[in-house]
Structures are given as structure tokens and as C-alpha cells.
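Student: Residue-level listing of the chains:
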Amino acid sequence: MNNEELKTKIAELLPAATFDETGEWLNINVEPADWLSFAGKLRNDDSLFFDYLFCLTCIDWKTHLSMVYHLSSTKYRHNIVIKSKLDVARPEIESVSHIWKTAEFHEREVYEMFGVNFLNHPDLRLLILPDGWEGKNPMRKDFEDPINMIKL
Amino acid sequence: MFEEIGTTTEGDLIINVGPQHPATHGVLHLVITLNGETIKKVEPHLGYIHRSIEKMCESLTYRQFIYVTSRMDYLSAHINNHACAMCVEKGMQIEVPERAQVIRVIMDELTRIASHELWWGAMAMDIGAFTPFFHAFREREKINEIMEETCGARLTMNYYVPGGLMADLHPDFQKKVKEFIVLFKRKIDEYDELVTGNIIFINRMKGVGFLSKEDAISYGCSGPAARGSGVNSDIRKLYPYAVYDKVQFDEVLETGCDSLARYMIRIREMKQSIRIIEQLIDNIPEGDFQAKTKAVLKLPKGEFYTRVETARGELGVYIVSEGGTTPYRIKFRSPGFSNLSALDHMARGSKLGDLVAMMGTLDLVIPDIDR
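Chains R and E supply the protein sequences, listed in that same order.
For any residue, its number in my numbering is found by taking its place in the first sequence, counting from 1, and adding 209.
For any residue, its number in my numbering is found by taking its place in the second sequence, counting from 1, and adding 781.
Since the hints were derived computationally from the structure, they do not count as laboratory data.
Partial selection, computed: residues in chain R whose CB lies under 10 angstroms from chain E:
(1) Ile-268
(2) His-279
(3) Leu-338
Okay, derived cross-link-like pairs now, DSS-like style, lysine-lysine, Cα gap no bigger than 25 angstroms in a straight line:
(4) Lys-284/R with Lys-994/E
(5) Lys-218/R with Lys-292/R
(6) Lys-1082/E with Lys-350/R
Note that beta-carbon positions come from the ideal geometry of N, C-alpha and C, so glycine has one too.
Required output: the full structure, derived from the provided sequences and hints.
Tutor: Written as C-alpha cells, this is what we have:
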């Protein structure tokens, strides 16, 4: 499906979604509360069939955090980007690791680097940071490390 | 017994493989729960070589950050640089000269062969065959010499810049690559005779580390790990970049879903890489090797995503720009990270000795996973 068809189809599935077509792929803004049921529809709908989550990350915009999911379909080869705004003080979103298994590792990375709490994640622990890590999340914009060089 | 897999009960043996272990090729740390010799759970612990490259890139300019990425997947340094250069070019809408595009593809394919050779030697050594390592490194050395002449470095080449290449080719480049092609075509058959057809080797690999097509997609696997399970995942074919749409080559697919299938993919891929180089080496167009660009690069506000096929799979570069000279946020979707997430699933229920074969055929490069 091209971006126009995807937009029509997704507007039917989730009327609350807003769209942004400035980029290469269709960007869809979703409320965190809608995400889990919407993700299931994206994965299981026969005409969408987004079975390949190829990138999952987070952006710190200082006023809020933004989750970014890049999805692709191995059957139809169309791509979309899902974005969801999170509260900076208490970032929480449902885990999608039972829909796309790769999300388990990616969510653990986002959890430690940005401090996003993934609800119902099977194993939300530190992955890259050393055990017993305390303090701020390294990828947040307000993180400063006086010892290790992270800014050149 | 099998219903217990995935859980820890009293009497289970928990062993640590790594972070300093010869079979993990770097500083990967696996915590393995065993019942006798049967694997119940594999837990990777990452971060021993985490340098926070993504955070570092936030304070580097668009010319500088490309060089850091050579240190991610150091065996695919050229291809990493290619992805980053392409992402900046996409944002700036820079037209790359045809000559640079062709040279980039030749360099990428040479890198792929060099990477696969290292993998082949190291993997054979993991499962107990020492000789292949020396064979592989003998041929890989030739590629390193070719790279050194043109780029000045053997591992972290830093040869690509936004808009083209850092410098033109060395005058001997074409001659040496042609000599290498003749040599390598003879040697690849030798590799097959030495390892591929060996019955002991086949018994170690066949049926080991089963990963179904559905799981490969769900775990986000890419590259040979996905193609060994029959998933079309070659970015060069699916979303062609540079001049990949103008050359003839096949996407290599196997349906065995096991370690042997992933092994065969890489062996066959090396032959396809040679095929691509052969088509291009006599047809490098004349002209500029670099487009004229401004001294200071500023990406317009927005988001840019490019993906390329490295030796390990799909590398994605995601740049979020606020319009400045440095990226606001950069994310590297590294192939190894996703491929590693499938290891636990593959290993459960199999024997400890087979784990080495599985890790070998996933071709893990730890700096690429940790970033």
C-alpha cells in the first residue's frame, strides 16, 4: 500500500490517530493508552500485516519524551513510523514484546537509557548499563558525566 | 524435562561464558542455565564495550560523526560509513557523483568478503578446526592491503565523506582487485573442499540452532541470520541504494533454518560479492570522486532514516535534526543487537557444545551490539 492508502486504512482502525506526511514514510501519532490495542491490529490485520519491527527508540525533547517505532511488512513491503508522546516526569507505555519479540531487547535498552517504564514487559532489567547503576538515564539530555567522556 | 526449560530450579548449573572467553569473540557475557548439558536459558549481559556512540554523536558535526561509526561494526567499517554518509546526503539532498557511487559499492563488497572470511575462519576454529583460520586470513590480508593503499588504514578506514569519497583511488587499485578476484575464485573452492563438504562439520551444524521463518521475522533478524530461515531481507535488493540496482546479483536464500543454512548463505554471498565487483571493476566512470559541498553541513529540521546491508544484516541510521550542525538525536539500528535477541530462543533445549556453533553462525560482533 502507498502512504495514501495506509492513511485511509489506519484512520479507519484508529480514528484518534493524527498523521504527519512530511517525511519519507507515513508518521502516525498515537496516544500511549491506545498503543497496545492498535499495535495488535497493525500486526494482525491482513491488509497491513506489519510483522517486522526494525527500529524502536526514544527521543528526549526535554518537555516530553517521544517513543518511535519503525514498522515494516515482509509481505507487502510498506513502512510506517509510529510515535507516541510520553510524560517526561512519569514516562510509561505498554510493552509490545509479545507482539514483536525483538521489542524485548530494544525496550530494555530504552528503559535504561531513557527511563521509560514498559508496562507488562516480561523482564525489564538493565541490559547495557552495569548492575547496580544508580542515577540518571544516560541518553536523557540533562545527563552529565564528569568522569567519562561522552561529549567531545 | 522440557516443560522446565526457561525456568531455574534447584540443582541447575549456572555458568558464565565470557566476558573474556575465546569463543565469544570479544566481550560478550552469557549467563547460561544448564540442566546437565541441556541449555535451559541463555541470558546475554551486554555493555562491556559500550561507549555510548549515540550520545557522542550528538556533539559531533555531520562530517565528524561518520568516523565514530567505523568503531561500531569494525568488520564492516566501510558499510557503516556508507549508511551515515547516505543519511546526511539524503537530508542535504546532495547528488553523489557516479564515480563515487561505483567505488563505494566495490569497497562495500570487498569489505563484505573480508568480513565473511574472518567469520569463516573464526567459526571453524570455534568448532574445532584450526587450519581454516589461517587460510581465511591469508586471503583477507590481500583485501586489507588493497584498502590500506587507497584509504590509508586497514580496519577503520574512514574513506567516505558526505558527498563522495575522501580521496581518489590508488593507481594500482584496479589491477590489485583483479588479481584478488582471480586468486579468490580459486580459494573459495578450496574452502568448500576443506570445510563445507566435511562430514564432521556438517554433523556439527545441521539441525543446530533452529530458527523458524516466523521467529526470524519476529525477533527482527536480518542479514544471513534471516536469509538462512528463508526471509527475503537483503536491503541491496529490497531498497536498492548506490548502484546496486544496476548490477546483476542474486539474493541468496536458504530454507534450512539451522546453522548449516546460515553458513551456506555466507559462503554463497562471497561468490555474489565477487560477481558484483567483477561487473564494476572495469566500469568505474571517470569524473569527480566528491560532490562540491559546503564547509559546514546543516541538515534541515526533520527526520532521516537510511538502511544498508552490512555483512551482518540491516544497519539503520536514524537522524533527528533540529536544523543545527550536529544531530539532535541519532540512533543506530545495529543488526547484531536484534540477531542476538534470538539466541536465547534458538539455544533452549539444545546442548551446551552446540551453543558455540549457534553464536558462530550469528556472526556476532560485540562493538556493533553494544555501540
